[in-house]
Amino acid sequence: MLLNYPRTAVLTPGAPMPARNELLRAALKSAASALKEHGPRFTLAGSYALWVFGAPEPVHDVDFIVAEADTESAATTLAKAGFAIERTPEDWLFKAHLDDVVVDVLHQINGTPVVDDDLDRAQEHDVLAIRMPVLPPTLVVTQKLRALGEHYCDFTSLLPAVRAVRERVDWDEIRSATSDNDFAAAFLLLVDRLAISTPTPSIDEEKE
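The opening residue of the sequence shown carries number 1 in our numbering; numbering runs sequentially from there.
Keep in mind the hints are simulated off the structure, nothing from the lab. One thing to keep in mind: the hints can contain errors.
[Unchecked claim] Straight-line distance between alpha carbons at most 25 angstroms, and here's what the computed DSS-like set of lysine-lysine pairs gives:
| hint | residue 1 | residue 2 |
| --- | --- | --- |
| 1 | LYS80 | LYS36 |
| 2 | LYS29 | LYS95 |
| 3 | LYS36 | LYS95 |
| 4 | LYS95 | LYS80 |
| 5 | LYS80 | LYS29 |
All chains should be built: construct the whole structure from the sequences, respecting the hints.
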C-alpha cells in the first residue's frame, strides 16, 4: 500500500491544501466509488496515477481509462453519480464535470483503443481511502511521452513527475515503446543528461 493518507507532494509542510486540490480529490473519489460499485472496469491514469507513486499532485484534472466497449456504460454510471457528461470533439474521451473540475475518461490512448488487457496491467492501491486499480508508472510515462508532438511538447510539468518516479519505471521499456517519437527521444536525452534516468549504454561502454 503506497498511499494510506491523502498527501500533496507540491505543498510545504503544514501548508493548507488548496481548494482546487480538494475539489479534484473529491471528484476522483466520487468517480472511483461510482465506477467501483456500478461498473464498468476502470483504472486511474495520468498525473494522478503518478501522484500515487510520489509525483507532484496535478491541478488540472483527473484521468481514468475504461475499455472502449464500456464507454457508454461509464458515462451512464458517472451521470447517475451526479457528474455532467460532456461529449468532446475528440473521439478518444469524454469529460465528466463535478464542482468546477473535470474528470477525463479515456477509451483510447495514443490512438489505440483501450481493451481489457490494458486494464489488466493496473495495480491495486489505496488512494484517498479507496482501493482502486492504478496504472503503473512505466505505462503512464510511456503514454505521456508518446503524446508529445509539434503541437504539444511541455517538458515543464513532465520533468518533475518523472523525476519523482524515476526508481519505479522500466527505462528500457519506455525507450523501446517511444523509439519512433523524436520528441520523446529528446526528453529521454534530457533526463539522461540530468542523471534522472538509467541511460542506455553507448557502443563503447557495451564493448567494455
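To see whether the hints hold, each was checked on the structure:
no.: 1; hint: LYS80 <-> LYS36; verdict: holds, 13 angstroms
no.: 2; hint: LYS29 <-> LYS95; verdict: holds, 16 angstroms
no.: 3; hint: LYS36 <-> LYS95; verdict: holds, 18 angstroms
no.: 4; hint: LYS95 <-> LYS80; verdict: holds, 14 angstroms
no.: 5; hint: LYS80 <-> LYS29; verdict: holds, 15 angstroms
Comparing the model with each numbered hint stated earlier shows that all of them hold.
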